[in-house]
Every structure is written in C-alpha cells, then in structure tokens.
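Residue numbers (the UniProt record's numbering), protein chains in the order written: chain A, 1 to 491; chain B, 1 to 491.
Hint data in this document are derived by calculation from the structure and do not stem from the laboratory.
As the structure is a prediction and not an experimental result, all values here were calculated from the model.
All clues given are correct.
On the chain A side, residues computed to face chain B include the following (Cβ under 7 Å):
1) L40
2) T142
3) A172
4) I328
5) Q329
6) F334
7) L430
8) M431
9) T465
Ideal placement from N, C-alpha and C gives every residue a C-beta, glycine not left out.
Number of protein chains: 2
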Amino acid sequence: MTKPLSKDLSHHLSLEAQSRGASSLKTAFKYFGLPGMVFLGGGLPLSDSFPFDSVSVASPAVPFAAGVCAKPSGSEEDTINFKISKRGEENKFKTEIPLSRSLQYGYTEGQPELVEFLKEHTALIHHPPYEDWSVISTVGNTQAWDAVLRNFTTRGDSILVEEYTFPSALEASHAQGIHNVPMKMDDYGIVPEALEQQLAQWVGAKPKFIYTIPTGQNPTGSSLPVDRRKAIYEICCKHDILIIEDEPYYFLQMEEYTQDVTKRVATTKSRDEFVGALVTSFLSLDIEGRVLRLDSFSKVLAPGTRMGWIVAQNRFIERFLRIHEVTIQCPSGFTQSIVSGTLNRWGQDGYLDWLIELRKDYTSKRDVAIDSVHKYFPKAVISFVPPVAGMFFTVDFDASKHPKFATEFGSDPLKVENAIYEAGLKNNCLMIPGSWFKVDDNSEPPQPAQEVSEAAKNTIFFRGTYAAVPMDQLALGLKSFGEAATAEFGL
Amino acid sequence: MTKPLSKDLSHHLSLEAQSRGASSLKTAFKYFGLPGMVFLGGGLPLSDSFPFDSVSVASPAVPFAAGVCAKPSGSEEDTINFKISKRGEENKFKTEIPLSRSLQYGYTEGQPELVEFLKEHTALIHHPPYEDWSVISTVGNTQAWDAVLRNFTTRGDSILVEEYTFPSALEASHAQGIHNVPMKMDDYGIVPEALEQQLAQWVGAKPKFIYTIPTGQNPTGSSLPVDRRKAIYEICCKHDILIIEDEPYYFLQMEEYTQDVTKRVATTKSRDEFVGALVTSFLSLDIEGRVLRLDSFSKVLAPGTRMGWIVAQNRFIERFLRIHEVTIQCPSGFTQSIVSGTLNRWGQDGYLDWLIELRKDYTSKRDVAIDSVHKYFPKAVISFVPPVAGMFFTVDFDASKHPKFATEFGSDPLKVENAIYEAGLKNNCLMIPGSWFKVDDNSEPPQPAQEVSEAAKNTIFFRGTYAAVPMDQLALGLKSFGEAATAEFGL
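Required output: the full structure, derived from the provided sequences and hints.
And the structure:
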C-alpha cells in the first residue's frame, strides 16, 4: 500500500528561508566527473595531500555481552578493529567511507552510507506514515534547533515551549527576537486540554510551532504518554502549527520503576520486544509532514561525535540542505567515517543490541537514584514520578510546609527553593533548582494568563541526573541532599 | 614591551549578539569537580559508554621528504603512527587529547591542546600588535562567516564586499537581509582610493564591515599588496568599520611566476625565509582590534576536518563563544584528537615544513596552468596576472574583439562570455564565467554609482583552478579551452 504524500506547509518558512537561493555554481557541477571533461570549476584540494593516511578504530563488538560500560579486552571476542584508508581501494568493507571522500568537500546531507543507515533506522523505529520524508545530518541537536529557528521563525514571531525547558534552547530563540510562550505541563508533560484552550484564546498571529522534548524531558524527566501525543498532534493539525520534537533521550527509555527489587526485570528484551516497547513518537503519528524530528548520537554514542540528524518532509529537508551549505556544510569526515564504519559493521540489529544494553544501564542507574530518594528525602513534603526515560529525575517539594514559609520567607516559594539548594551545596551535593528552567513568558501581544492552582504555586522542584556519576557516588550524593532537605524542613 | 589593548568596538555588535545572554546554568558549573562535591547538575553521559575505545592514526612524518602528495610506506621513516585511547592514562604523548575528553561535552572554544597550538601559530606568523586577542575554533570558514554575520549585522544593515566574490558568502548575507555593496577591484584586488571615495560619498548608515579574501582571492586569484592593505586598514579606522579577513588560502602562497623555466626556484626555503616571505596580513597591522581573521584547515590539511578558527579581540571572541554554545558547540572530538595529535607531534616547525612543501606543490601546479595559458590562449585578446597565492587563476578577454560583438551579440560582453563558456564545454573543459561571481549591488538606500571605464565594461574573465586535477589533465584541459576560445575569436 502506498502511503500518502505530505502536505505542502511551505507557508511556515521564515523570511530568511524563503529568500535563500541555491548556489549559482551548482549549475556547473552537473559537468563534474563527466567522462573526458576536465573540470576546472571547483576549488577542491587533491585528496593526495590530506595528511591522514589511515585511521584505525577499536569499537565494542556485538552483542556487547558485558554491557555498554565494559572495558574491552581488545580481542576479537569483544572488539571490532577496522582501518579506514585514505585511498579507497584499500578498504575491505563494502560500506567503508574512504578518507579521500569523507575529508573532501561534498555531501552536505551526510555521506550516503551513513544517511542510508539512518533512513533504515528511522523506518524501522518510527514507520513514518507518509511517503516523502527524508533525513539530513546535523552537527547535533543544538545546531539543528538553531537551523529550525532560522528556517521557520522571523524576528517577532511566537513559538510555544514547555513551561520548563532546556535553557540553551530558549537563549537561542530569545536572541533571535522570538517570543517564547510557555505551555502548561504536569507530571506527564504538556497538558493537551490547556494547549487547546491556549490556542483557542490566542491573541495575534498564531505561534509558528510547538517545541517539545517529549521523552525524558529536560528538566522535568517526564515523558508524554501516547494518548497525549495523539491529542497534541490533532490540536496542531487543527491550528496549522508545526511540531518540533527534540529527541536526544529517546533511546534512554527504561523499565517502569518498582520499589520491589524482586520484581525488577533482569532479563534482556528481544529486539522486537524492545522496539515494541518504545513510546510512539510524534513522527510515527505524522500523516501530514508536520513534525520535524531532531535526533542525535550525543546521548547514545558520544556528544563529541557532533553529529545528529533531522527527519522531516522533503520540502523542509531541502531548506535545511540550503542553510547547511552556507553554515556548517556537514559533520566532520572523521566522525562520518568512524561512526559509519562502526554502525554498518554492527548493522541495524547490532545497533538495537547496543541500545538494549544502554537501556539496561540507565534502568539500573535510575533505580539507584529513585531508591535513594525514597530512602533519604523527607516523605512528608515531597512528591515525584519516577522517570521512564532520559537522564533526569525531579523531586517536588511543598514549599508551604517549610517552617519559615509564612514568616521569614514571606510565603515566597523561591526562597524555600534557594534555602534547600544552599543546604544541599553545604552538604556537598548539587541539584539544580527547577525555577532555573522556568520559561519567562515574553509573549507579544500578551496572551491571556492561564490558571494556576494554589498547590502548584507553592510547588518547587529540583532536577538531578543519574547519568553523569558512578552509582556509589550517586547514592552518596542523594543521601547528603535528602538529609539536608530534611533538616531544612525541621523533620 | 607590552602591547596596547584593543579598542572597545562593542557598538558594532548586532541586535542578536547584544541580546544573547550567558547560560543560567553556568553559575552552577563552578561547583563541578570540587573535591567531595557530588555534582548532579549536568546531563553528561559517562565516557565509559562511548563505543570508541581507541583511534589509531597514520600521518606523514616531518620533513615530508617526498612532498605533500607522496604515498607513505608506513615505516617510521616517513610515517608517524599514534594511538589515541579513550582512557587517558593509556596515552603516552603529553599533549594527547583522550577520547573520554574530546568526545564529551565541554570546551566550546576548542580543546586546550589545540587552541594553544593555534595561538602559538598565530603569534609566530602574524604577531598581532595588540595584547588582548585570542582564538576560538569553528567548523570552517563558511560557518565562521555565518557567525560573523549574526554577531555584527542586523537585517537591513549594509556590508562591503569585493566586486567579485565567493557566491556562498553572498547567499548567506543576502538571506539574512543584509545589503551587499561591491567595492571596486582591479588586478590586485580592492582599490583603496575607490574605497575611500565610496565611503566619503556614502549615503545612509555606514556599512558594518568590509569582507575580503585578501590572499588568493576567490574568484579573481588576486592578492592584495601590502601597501594596499595598509591603506585599507587606515580607511577602515578612519570610518570606524571592521575588517573581516577570510583567509583559507593564506598558506597557498607561491613563488612569483616566471616564464623562464631556468629561473624557477627549485630550492626549498628555510622556515625563516618562508615565514618572512608571507604577505602581511590585516591581523598583523591591527593595532585597534578591528580585524576578525577567519582561518581554516580546509585547504592546508583537509576540508572534511570541518575545523577552522577565528582570531579577534577578546570581547568579540566571547561573543563567538556565546553563539557557538547555542549552535555548533565545537568541532568534532575525533577531528580535535586526530588533528591535535598530528600537529603537536609535528610541532610548530614541522607544521611550517608541511606548509613549505605545500607551497612547492602549488607553485608547480600554478606554473603548469600559466604555462598552458601562455601556450594555448589567444594572446591578442587576453590579459592576465599570474596568481601568487590560492587555488585560482583568471584570464581576462576583451569581449569587443569578438567578431560578432557589435553585430549578433549587440555589444553585450556577457554574450561573448557565454559563447566562450559553451565553446570550452564542447571542447571538454569547464572554466567558470566571471560574471557568475559578480556582486549584485543591492544597497539600500542606493549608493552613488562608481565610474567604470569603457575598457573595463568590455572585459570578461574566466576562473580556473589548478588545485583539483592532476597536472597532465590540467595542461590538457587548458589546451582544449584555449583552442576553443581561439576559434571563437576567429584567430
């Protein structure tokens, strides 16, 4: 059965994206490589003079029996060793990208072997329900977000962002003169009914898109349940708004948390079970081509690859190609040769095995964190939902229960937040105050205020991560923070 | 003797650059790594799980006895072999950047070992005459140019660009709503007197900066003589205009061309002679901190490193740091570890040796190209200045001497240009018509027209490169093109 084509949503393109032409020199490049043609048109250095004759890589071998953090022996048992030569003819593996190509100009969209792998991967995981989608490589989601802003917003436009979100994302849009307008969230992320109401009451030009980190949200650690994703998608179709789904943590999905250690799942999932258990992405609901998905290797391979990719309808991918031609061009050739060499040796199945092991690793870390919160944090004043994805967990505190709340702190929950932050620091553990992630509503014209309950007003939270420190330190740190908070509340 | 400090030129920053804040989370990061502190503040993956255990590199060894294009034997004679491990303790070389660091988040400005090398290199070559300058890494000059536009221009601003220039640079500024205004050039680049006149007669807000490729200019192949550089620098100081010097070809400086093969210099220059013979950069004239120099590894190592750097006064470097934090972050960690591993083993002297060999290589290629133009192009209708730097040479034609000029072509030089282009193509050689690089003056408000002589009006040119094809093909191609052009002119 053929899938439908995307809708033409080009009217959402920014002034910058609309006025960007293709390179005039491109018309000459159709003659490049024609038999007999001496092409003196391009300023490409000869690859003979690239001073990198070969790069040899040692990567862990499928099935990663000792987990993602194992120190490999270097033997063929647990390590793949491969050499990427400058001169392609020496490369033995069929999908090797020789350095003569990856270190040369060209392939703004990414090297074909890598783009092909990413397309297959995307089809396998998300089954986009329309026909004309594609991918383009980026140098990570931070850059992808910047390119999205430039392609879809013009100074003075509004966008919708989660009430608490990644500060760098806001700084990027703010500096570009974009009005960030917060969407109401609860423990499970964006509240669809509130979003619908907000858009129904919207004053002035509609927002250009919603920006969401739907899975393992930063900072809240929440993940949008599938029914909310469906509702939000419907709302965006109705109001003709694009959806930017920023998904660096997508594959850091974990087992549900249970306090009962005997019920913790120790068995490895099969690949089918693993894929089947992944939360439905906005991309996989997208029948119109309204979703731009930002994916990255930063959290599943390494941040320093500086490589990610955007999935979107072809009309939009073409606009990213044009902006990349005059900005980043493409990810590093070393990155592309090394990552492609690794992934194409692993294969799609091997990559899933890697992600399955990563899931196990993050599940254990999350469990240590949440166990510690249960054990050391003051139960009477906190509440939290254990995360099912991502690197972050949050703990809510009822600020009104602080003994000095109504007196010394003048009923200001931010003063309680700061007191807990400082107490934690003194006890040698740093967690980030939730208010640091709060979006300043700078809508212009001002939008109608949304209702906030008294309880919500007095709720403060702290964000911690279980990704960045070894598990013994994690437990130790949370004990310190929990005890400090307990003492603060006089409990 | 201490050098003077730069002038505060912050008033040149764009609306975007002025409104960009630092990350609010940064205040927490001062606690990162403190003894005893458990830092749960950042979403960094543990480097244990980066699936790259080591990368081993084979690079040519100093002194590159067989030239930059030699195929190394792999023996210690001509090859350095080094291994960069993920876990730093295994690295034996003191300036190795372990993958655990280069593949992690951090160091937006570039890894310290590499930044240090680039600073030393910059001091050695350019001796910037003021104290408070620094460097920041980029992902190449295309991105650096984009960052310059965003840091110093706001929609509606004007900039001055060379009359013929790199089309991608123009497309970037045009799409951002910037008015590109051409500066008059001759065979040696920007004409200072014309620039002074243009600025004296300027209508409306002064241009934000001049953008120039001073050495081996693209497309003209011209290089600005030092007296012009000095004059232009003075003019820019007088009118308070910044200078963007885009210098990808700086180290592709060659010996002067001579037709007399017996006079061609065969001896290798010493390092001191080499450095002494390099043309004076705008940076090395810059007593005020008015120059932003864009440097790149693309033409001297390989384009796919996707790495370059900006040299500028510290106030400006700080603004690039801020924009990079929310866009590219930094170059690929693989690139940084590999390039730093190579360059720090070569040392500053070894790097100069590499550049000296590159100079020899480009000199030979340029000689083949210019010899062929002398031999095969129609002398009666052409003129040219052999390039002393870069990848490009140009040949001017007097269009009025074409037999159909006044008749069939209606005295339109562009019709002659197209006829020669097509004739070349038919004869299997492509050179790019000069008009493709011509800047459309879109000044707003319109600036007074500059005088153009009758001869200049009828001069057309073609750009070729000697960088991209082996020398035998280069000679063959230019023979084809020259013969086609000769026939076109009925000679």
